[in-house]
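Here are the chains, one letter per residue:
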Amino acid sequence: MDFELLIGIFPQVLLDGLILGFMYALIALGSTMVYGVLEFINFAHSEIFIVGAFVGVEILLSLQSAGLLERVPWVLVLLTILLAGMVVSGLLAVTIERVAYRPLRGAPRLIPLISAIGVSFFLQDALRLIESIWRNAFNLVYPTIDVLNERFELTSTIDISVKSLVVIASALLVLWGLHALVNRTKIGTAIRAVAEDQAAASLMGINVNRIISLTFLIGGAMGGAAGVLFGVQYGLINPYSGFIPGLKAFTAAVLGGIGNVPGAMMGGLVLGLLEAFAASYLSLLTGGAFGAEYKDIFAFSILILILIFRPKGLLGEVVRERA
Amino acid sequence: MIHGVASVAAVAASAVLVAVFPRSILAFLAFQASLLFVYTTRIPSWLRGGLLGVALLVLMPLIGFYNGYYLEIATQVGIFVALALGLNIVVGLAGLLDLGYVAFFAVGAYSWAIVGSPHGNEVFGGGFPLGPAWFYAFLIVGLVVAAVTGVLLGLPVLRLRGDYLAIVTLGFGEVIRVLANNLDKPINFTNGPKGITPIGRPPVPFGLPYAEAFYFLVLLIVIVVILVNRRLEDSHIGRAWEAVREDELAAQAMGVPLVRTKLLAFACGASFAGVMGVVFSAKQVFINPESFTFLESIGVLAMVILGGMGSIPGAVLGATVVTVLNLQVLKGLSLWLNELKNAGVTVLGFSLADLPTQLEPAKYERMVFGMILVLMMIFRPQGIFPARRRQRELAAPAAGPTAPPGAGR
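Sequence lines, in order, name chains Y and R. First residue of the first sequence: 0, per numbering that gives the first Met the number 0; consecutive thereafter. First residue of the second sequence: 0, per numbering that gives the first Met the number 0; consecutive thereafter.
Treat each hint with caution, since some may be false.
To be verified - Within a straight-line C-alpha distance of at most 30 angstroms, the following computed DSBU-like cross-link-like pairs (lysine-lysine) qualify:
#1 R:LYS362 <-> R:LYS193
#2 Y:LYS294 <-> R:LYS362
#3 R:LYS330 <-> R:LYS340
#4 R:LYS193 <-> Y:LYS294
#5 Y:LYS294 <-> Y:LYS311
#6 R:LYS362 <-> R:LYS340
#7 Y:LYS185 <-> Y:LYS311
#8 R:LYS362 <-> R:LYS330
#9 Y:LYS294 <-> R:LYS184
It is worth saying that the hints were derived from the structure and are not from the lab.
Using the sequences and the accompanying hints, generate a full structural model.
What follows is the structure, encoded as structure tokens:
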């Protein structure tokens, strides 16, 4: 075994894992907030996420065809697509809740879950339909912005691109914003109150329905931001590419303790790192017998193991059984 | 009396219609609708049984001679009916949401595919493929292997709550698919994404053509599955399943062993899928991991939901409707649209030839599944043909978990 190589790639793998981890953390926040408030797995969150990515690519492509992409400062472009993705995804999440989840509130537990799966599938093909009619293509590539692809050499073996820095910085900013919102504002207090006990919250004069909508708005916006960053970082998107990241983000949320906001961040980072290491080291360590393809199995196995042995997650939010 | 005459007339007329217009999708849809009419209308049960028997045993194979694709559709419907009935036990009766059900189908399919094709030599050395007669033995092997897989999966996870169980089964389904995709090294079990071919077909009695033979085989298995399902439903086990679905705590207090009951549900559901997997791999001659995706699992779930969870006629109807929608209606729409495009038809001054080429109605099965799931959950959660007990439960939801919000937390 080549130890030099194993150690040599370590920092780069660490970096890739961190970026992936922040991505998962951002997506996971949306699902974990909704779970915290409604105790329900929002399966359609993967599509809310990928819709954000599509909003971003559509804006970039229009700018490009108008010849403006090179002339507008890239920071402005980036802020615009982030904001647009957040708004569209947030509103989409609110609409989904209103149409497909609210009529089912109070029904047996599996009913809204099945509805959510339905929404997820419906949105995938709806997105495909729209893009097929609009662009006659549904596999879209983010146009490159040259500045973002510049790379800094940290050492001779490790480098980091501007876009990775942007991803990490925006993720940190959004995470900090959410943390402040949930813990320091009145709205955040109301959200936590509804999560704790809907009946008591409504007796205290909190409009539960509005808070739930708001939770979906915030969670959806986080998903949209993650979608745009995903597109910027990895480039190629299609209507179905939200599913696996969405599922992994849910894994991250469970890993950190579902319903728990700091837990989702930590779970995302842990999962991202584990996956990056699995992808790079698995084939090196097993002499090529098991390659990077197994990283998905790795993530799902973690999910299964955590759910079986420590369903509370690593940070131990107590999840109570609702009859 | 009038109903009886109408039923006979409907079946006869639609069969003639199919014979006269063998390429018309509408004619075949009419034939299917006539069967539904026969099933639901008020006629003596001997007439109903007779008509359905004649239609399925005589008319359908005859239609197959006019248009082989219809027989293919009927066979596919049969396969999915068996899958839906299997999932119906797990989701409908026992109330365990299994999102990775197609994994068991895959296990069955691969178990015959590996030994029934020359690929077996790569795994076990020489002596493969096994003779075609082994196929019938492998119907049992597929059943057992799938059931064992079900138990192995079930043992650790069945203590989990409903929605966590759903996610774990989803993960398991994905794990099986990724394994099928990648187990071509270090030992080549599945031949990876390239899939396995040619898979041996069983020997056929009476010199029937293969299409007809598979149709009858699938029909036979479906009938057996329906009989088993009906006997199970009212048995000791079936009642235990429903008790667990309604209230685990109460069921346990009444002496129902929770884990064993759930394991049985998993194993029973899985075994149906395993048998059909074996048939599927032989019928297709070629399988690869693409046939066993999450999409298929959700498709089968949509069938069960559409028909009505826990209802046997519901599962049959759901499987038929969804399969026909996918294979017949969506594909038909695609073909029709293409013909219109090629003919240069214009609608309201818009030339259809200018429609985007990526727009293929046949590719939108997810949309169909999604709409079925959402609409059924919102407007008719008990399904089209509800199970009697389920109907009562969902008709009066006020007493249940709705009472005070946040109750029982």
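Hints, verified against the model:
1. R:LYS362 <-> R:LYS193: Since the Cα atoms of LYS362 of chain R and LYS193 of chain R sit roughly 22 angstroms apart, the hinted pair holds (cutoff 30 angstroms).
2. Y:LYS294 <-> R:LYS362: 29 angstroms, holds
3. R:LYS330 <-> R:LYS340: 15 angstroms, holds
4. R:LYS193 <-> Y:LYS294: Holds: LYS193 of chain R and LYS294 of chain Y sit about 20 angstroms apart, inside 30 angstroms.
5. Y:LYS294 <-> Y:LYS311: The hint holds at about 24 angstroms.
6. R:LYS362 <-> R:LYS340: 18 angstroms, holds
7. Y:LYS185 <-> Y:LYS311: Judged against 30 angstroms, a Cα distance of about 28 angstroms means the pair holds.
8. R:LYS362 <-> R:LYS330: Holds - the C-alpha atoms of LYS330 of chain R and LYS362 of chain R are around 8 angstroms apart, at most 30 angstroms.
9. Y:LYS294 <-> R:LYS184: 16 angstroms, holds
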